[in-house]
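Residue numbers (the working numbering), protein chains in the order written: chain Y, 1 to 287; chain F, 288 to 614.
Hints listed in this document are in silico derivations from the structure and should not be mistaken for laboratory results.
Among the hints, a few may not be true.
Only pairs whose alpha carbons sit at most 30 Å apart, straight line, appear in this in silico BS3-like list of lysine-lysine [to be verified]:
1. Y:K112 <-> Y:K203
2. F:K490 <-> Y:K112
3. F:K520 <-> Y:K110
4. Y:K203 <-> F:K490
5. F:K310 <-> F:K490
6. F:K410 <-> Y:K203
7. Y:K110 <-> Y:K203
8. F:K410 <-> F:K310
9. F:K490 <-> F:K520
From a predicted model like this one, the values you see are computed outputs, not experimental measurements.
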Amino acid sequence: MAVSIEVQRSRGWQGLIPYAIILLATLPIIILYGWLLYSSFFERVEGLRPVGPFTLDNWRFLWAPERVQQLQNKSPIIPLTINTFVFAGSVAGVVLLVSSMAGYALSRLKFKGRRMFLGGVLLLHSFPTVVLLIATFVVLRWLGLYDQLLGVILVKAAFELPFGVWIMKGFFDTVPWDLEMAALVDGANRIVTWWRIVMPLVKPGMLALGLLSFVQGWNEFLLPFIFMPSGNQATLSMMVRSLLGEGRFVDYGTLTAIGLFYVMPVLALFLFAQEYFLRIYSGGVKG
Amino acid sequence: MAVVERGALAVEALPAAKESALKNWWRANATALFFMAPVVVMVAAFFLAPVLITLGMSLTDMATSTGLSRWQWIGLDNYERIIRSRFSLTILGNTLLFVAATLAFNVLVGLGVALLTIHVDSKTGTVFRALWLLPRISPSVVYALMWSWAAAAPPFGIINQLGEPFGVEPRFWLATDPWLILILVNGFVGASLGMLVFTSAIKSIPEDLFRAARVDGANAWQIVRRITLPLLKWPILFVLTYQTMSLFASYEYIFLTTNGGPGLYGTETWSLWAFHTALNSYYGNLEFGLGAAMAAVLVVMGLAISGLLLRLFRFGDLVGDPRVEIT
């Protein structure tokens, strides 16, 4: 991470110019997130000025949801959080398993169609998946997985796969093959070798990919919104969106508290595992 | 398949040969099959099939009213309807405006942030890069929530309340200046891609080049202009191509903020139009066939641009055979 190019960090006030510009340019982000962080703890916020004393009233949705008027006729928050957690965890699990299998084969085995498949994975990696959603709807109906969490998990995991496969292949490429060779010569088969010997060596990579897939699943809005219309297994994103969609005169205190509750795990992961995110984002580019 | 057939021909002559050919094929490929089966099934079900279905569906009248069974082939009627539509030109114009403006924001701001975060000390640089990543890693609904409050109608809204002392007329920004807000909303997410790509590209430039320039008395701007920027040609081209495609296809943030308004199709873009027609119609009847025709245009474009990226950046070199192979 050490930056070697410190071209002109020097000479008095001129050295401060880049600091001033970057601070100014980043101000909108700082203001938006700053507002989100504290406005849930006050009755009202005008501009960036909180009104009234510090309060936890906006967080009543956690312990007394029946007293929050906006949440009448809404699913309670705890099951929604569990759904979101199950969804994100399953997406991460499927992505990890499927892409570590494929990544291993693409890194180590020679087989027909390997080159073509790798090219295809790269092609899909830059392909915008949202344009396929209309047809995905038909596929889910045919599979009988429409309006079910399992269906949405599979679609989301599939959309993350080109990235995952590519990243995992890269991780396997960096593992020296001596150990593996020794095991194979000793008569262990490929599958056992992969699982017992190679997989433990790519754990840091798996952790990075798992975290990223989890966050992608946790954040996902469009897929559950489109493919689970009845809302029996709704996720937090669907709830925030339905509150947001209720017009201009909503109670922003409660709304920001719920929004903050939803984004908190992501922010925490990002704070503690920032290098993982930066590393994996720069390794394979998606966005 | 071919291997098996050739094996079958050999049966007449040597019964044992067939068995061993099959066995050989199986021995050579069984492991690869095991490892590749899950990904192949997922890609087939959720990428290949949808691409084909989109193209096929665009030739049908499939809609909520026909269901998935009573539809008919109608040739190119859907495409004709799109061309004849009173709105298609407006929406095409919207799309081009949205893509061009957001793209310019993404690349310029991404480049600016990359250069600035490298020119400050590395600790500060990392903090600012992390801040710029926040919009990308936040749930879209929460990010949209923050912007909808920032751009809310007077007397609310952060923009109104912060801008007033500076003489900015308070207004309901989402209705009066929807494009400005949309470009900012999408731009603050999109710029971080350029930031990451450009930062790592700049860091990979040999230090000697900068040192030599400094010795020769070049100032910071001259170094950026004469050394950094020319060496960033390919990364910039990559980000441009990549984001052109994803911007044409993306509608999530538009849906969550203006939802195509104000009025009829004020900020409706092509992909949002397809989404509204096939999956989220105001009128109740979802026209899958028509929506698929709108999406098919983007699918073909997506494949073409992805293919171009693959070729342009010599991804072919990345798919070389494994160095070591033991069976």
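Outcome of the hint check:
no., hint, in the structure
1, Y:K112 <-> Y:K203, "29 Å, holds"
2, F:K490 <-> Y:K112, "38 Å, violated"
3, F:K520 <-> Y:K110, "35 Å, violated"
4, Y:K203 <-> F:K490, "27 Å, holds"
5, F:K310 <-> F:K490, "52 Å, violated"
6, F:K410 <-> Y:K203, "28 Å, holds"
7, Y:K110 <-> Y:K203, "24 Å, holds"
8, F:K410 <-> F:K310, "60 Å, violated"
9, F:K490 <-> F:K520, "15 Å, holds"
Going down the numbered hints, you'll see the structure goes against 2, 3, 5 and 8, while the others check out.
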